[in-house]
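K.L.:
Residue numbers (numbering that gives the first Met the number 0), protein chains in the order written: chain W, 0 to 147; chain H, 0 to 72.
It is possible that some hints are incorrect.
[As the list claims (entries may be wrong)] In the DSS-like style, the derived pairs of lysine-lysine whose C-alpha atoms are separated by at most 30 Å in a straight line are: (1) K43/H to K67/W; (2) K73/W to K5/W; (3) K43/H to K73/W; (4) K43/H to K5/W.
Since the hints were made in silico from the structure, they are not lab data.
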Amino acid sequence: MAFREKISWVSFIATLLVFAAFLALTGQALSEGVREPSGYLALFIGAGIVEGIVLGVLAAILAIASPKAAHAPKDERELMIELKAIRVAYIVLIVCITVLVAAIGTVFPDLLPADVRQAVTLCGVISTFFIAELVREATQIFQFRRGY
Amino acid sequence: MMKPLPIRNDIRRLRFEAGEMTQAALAERVGVTRQTIIAIEQAKYSPSLEVAFRIAVVFGAPLERVFQYAPGD
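Can you make the complete structure from the sequences, with help from the hints?
P.N.:
Laid out in structure tokens, this is it:
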């Protein structure tokens, strides 16, 4: 497996685990009546820090195992794979934001109490980041596996 | 199923004719990863003109001897 593919796998799994933990913690906080958006923002920042540390450590381990591959610049095929993945992730990001905006304007006022609407909206926006990132990494992995 | 690319190549045969050069050795000389060489050999990836020329230079062969354009194959 190529070094860059290993990094993609590590990043995908780390992001998935952090996102799952974020969803679990926000769900728990909402059910316990936490309404201030700042708490969820702090959770997002904390998730980002945890993911950064985990990715940094795992990437360092992979780099130590393959120092030559780690320091080699991306070749043209790897750059193409990356660009294609970014394009797909951008489309997903736009769709998610559009769906969220539509939900905020239509179903949120009917489904959600006013005091929880802001927190849920913030969690929705944060989730779009995670989803787009997962799609980006998954698209790269798919292309690597396909032998593109 | 991935649509086959219209560009074919004889890289695998040329490697063996060049003293059984490995994919890794060819990748090193061309400046790409081994996985890229594998993808090119399997016609899953069409290299840029520059990389195609670099591969031809490694084998000391003209470009047409290394790569063949065959649309509709």
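K.L.:
Each hint should be assessed against the structure and marked as holding or not.
P.N.:
Status of each hint after checking the structure:
1. Restraint check for K43/H and K67/W: the C-alpha separation of about 25 Å stays at or below 30 Å, so the hint holds.
2. With a CA separation close to 14 Å, the supplied pair K73/W and K5/W stays within the 30 Å bound.
3. For the suggested pair K43/H and K73/W, the alpha carbons sit about 18 Å apart, so the restraint of at most 30 Å is met.
4. Under the criterion of a C-alpha separation no larger than 30 Å, the hint pairing K43/H with K5/W is consistent with the structure, at around 20 Å.
Going down the numbered hints, you'll see the structure goes against none, and every one checks out.
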